[in-house]
Amino acid sequence: MAKTFRDGAIVAKRNLIKIKRVPELLVFTTLSPIMFILLFAYVFGSAINVPGVGYREFLIPGIFAQTVIFGATITGAGLAEDMQKGIIERFRSLPMSRSAVLVGRTGSDVLNNIIVIVVMSLTGLVVGWRIHTSVLEAVAGFLLLLLFAYAVSWIMAWVGLLVPSPEVVQQASFIVIFPLTFVANTFVPTNGFPGPLRAIANWNPVSSVTQAARDLFGNTSPLLPSPDDWSLQHPVVYTLIWIGILLAIFIPLAGRQYRRAASR
Amino acid sequence: MSDVIRAVGLVKTYGEIHALDGLDLAVPEGTVTALLGPNGAGKTTAVRILATVLDADDGFAEVAGIDVRKDPNAVRSRIGLSGQFAAVDEYLTGYENLDMVGQLYGLRRRPSRDRARELLDTFGLADAADRPVKTYSGGMRRRLDLAGALVAHPPVLFLDEPTTGLDPRSRTDLWEVINELVKAGSTLLLTTQYLEEADRLADDIVVIDHGKAIAQGTADQLKGRVGGERVEIVVAADADLAAARTLLQELAGGEVVVDEHTRRLTAPVSGGAGVLMEALRRLDALGIAVIDIALRRPTLEDVFLTLTGHSTDEDGALPGTGARTER
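These protein sequence lines map, in sequence, to chains A and B. Residue 82 in numbering that gives the first Met the number 0 sits at position 83 of the first sequence, and the numbers go up by one each step. Residue 20 in numbering that gives the first Met the number 0 sits at position 21 of the second sequence, and the numbers go up by one each step.
These are computed hints drawn from the structure, not numbers from a lab. Some hints here could point you the wrong way.
In silico DSS-like pairs for lysine-lysine, Cα to Cα no more than 27 Å straight-line [claimed, not checked]:
id	chain 1	residue 1	chain 2	residue 2
1	A	2	B	69
2	B	133	A	12
3	A	2	A	19
4	A	84	A	2
5	B	133	A	19
6	A	17	B	133
7	B	133	A	84
Just some of the chain A residues that point at chain B, by a computed CB distance under 8 Å [to be verified]:
id	residue
8	6
9	13
10	16
11	20
12	21
13	86
14	89
15	91
16	92
17	93
18	94
19	127
20	129
Ideal placement from N, C-alpha and C gives every residue a C-beta, glycine not left out.
Next up, chain A with everything else stripped away, as it sits in the complex (with noise of 0.2 Å):
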């Protein structure tokens, strides 16, 4: 175990690296959050209208959630890169732990995450949005976003794996990320939705982490109450849930298919 986190750590100091010979990478991954920020306060927010709470309030936390889970991507995408460029060959006749590979990759996308939470939270100050509650609370809001943003990490390393390039990874994940964050709260409340939308956009754990954050925040309002589902009375044990859940699964499962992929 120890010896897994020892290597985890220089792997993930290796992909670290790459973004700093890269910033070119950190400075796109950082523009697109900041991008959609503008585009949903100034565009969407003139036409949208939130009770009780600025649009821009409503917002942020739905795009934090947005943008941690299209993060994820870059676990992919690394995996398969390395895969393409054999590096991966050769940690495979190194007597190192075997999931180092992928301890180190998403432990790395964690960092990359903070990164892009903090600039986001930064381009939110200045467009309008303000936390309203406790250090503590603030902290805990974030760190759900980590921490679910970790579990989405683990299912791209799978996908990552299963394909043969990281040019796929970005598309496969455009085609399913985008209806997985937009059939949500992240951007407008759910009551206007039609029936069957509405429950999958109130059961859709990317809705339970969003609420979860706005509650953390204070970015709530008595006006705006949340929908009666149990996902989002209870938002952040829901997404607690669903973070064990999906870590119990695809944990196994992308080392499963490392082992397969690095062996073929």
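Since chain A is already given, all that's left is putting chain B on it; use the hints.
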């Protein structure tokens, strides 16, 4: 001397294709063995199995006395692998690459750093040590990849086509480095498509084709089996082919091969220039016009033709044997 690398009846199948079809192999301690064969012969597959990167479907393999299937990690700490596609991280510097590998071998921080610098010096990469590998030439990447295999002073080395795709100068440089290693006592298994490379580096050559060892011996023994030199003649007219063949057969030490399409006749001979002169005289006496005539040493192509009855480029690459490109 005991065998440090031992394989018995290795089998690896990709769908319908038998990449390895019962390969046996034995490399005594402190010697160099070359696996010689065309693309798709199963060389890379064999090395990947021995280096614990790939599991065999059947058969037994042992490295440094350890079963590769039962205790792969113990094998890994005793081997160094350098692949056909330089497996280095192009975003890291050369130094960072080697330091990472050192730490993953379990070296402590200081020894790992010192070893990285030492290897960069040895491989003539000291000036480029702190530049990202992206800026390296192909030859530099190969050297770095090879250095990566040496970080932990492994007693057993696997080099998979170490010089494929390199320019002649880099190839000669790399050969010198490998020769040094061997002098220092490493046991080495290398794969190559070039007889010359096997000739320069190996004590023993195993020729493999279609996943099986089909011949084994020193370079001289193998060349001896294909009959020393070759006389090659291209005649001007199709009508003369039969006559030229009969004439050559009298001088040849083996079967004369005729390529009717190019009107080329190839005959294994053992008399050197004298035979060439004699062939010319006889051709002249019969009034056969010759476009080209040459005496040459046997090539891998000839070894193959003789041993397998087919030339090296007749069969395409097998999936998997070329590693990642076929994923």
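We went through each hint and held it up to the structure:
1. A:2 to B:69: Holds, at about 20 Å.
2. B:133 to A:12: 18 Å, holds
3. A:2 to A:19: Holds. Residue 2 (chain A) to residue 19 (chain A) sits at ~26 Å (cutoff 27 Å).
4. A:84 to A:2: Holds, because 25 Å separates the two Cα atoms, which is no more than 27 Å.
5. B:133 to A:19: It holds: about 14 Å lies between the C-alpha atoms, which stays within 27 Å.
6. A:17 to B:133: 12 Å, holds
7. B:133 to A:84: 12 Å, holds
8. 6: 6 Å, holds
9. 13: OK, holds: residue 13 (chain A) within 8 Å of chain B, min 6 Å.
10. 16: Nearest chain B Cβ about 6 Å off; hint holds.
11. 20: 5 Å, holds
12. 21: Hint on residue 21 (chain A): holds, closest Cβ of chain B at ~6 Å, below 8 Å.
13. 86: Result: holds, 5 Å to nearest chain B Cβ.
14. 89: 4 Å, holds
15. 91: 5 Å, holds
16. 92: 4 Å, holds
17. 93: 5 Å, holds
18. 94: With Cβ-Cβ at 4 Å, under 8 Å, it holds.
19. 127: 38 Å, violated
20. 129: 39 Å, violated
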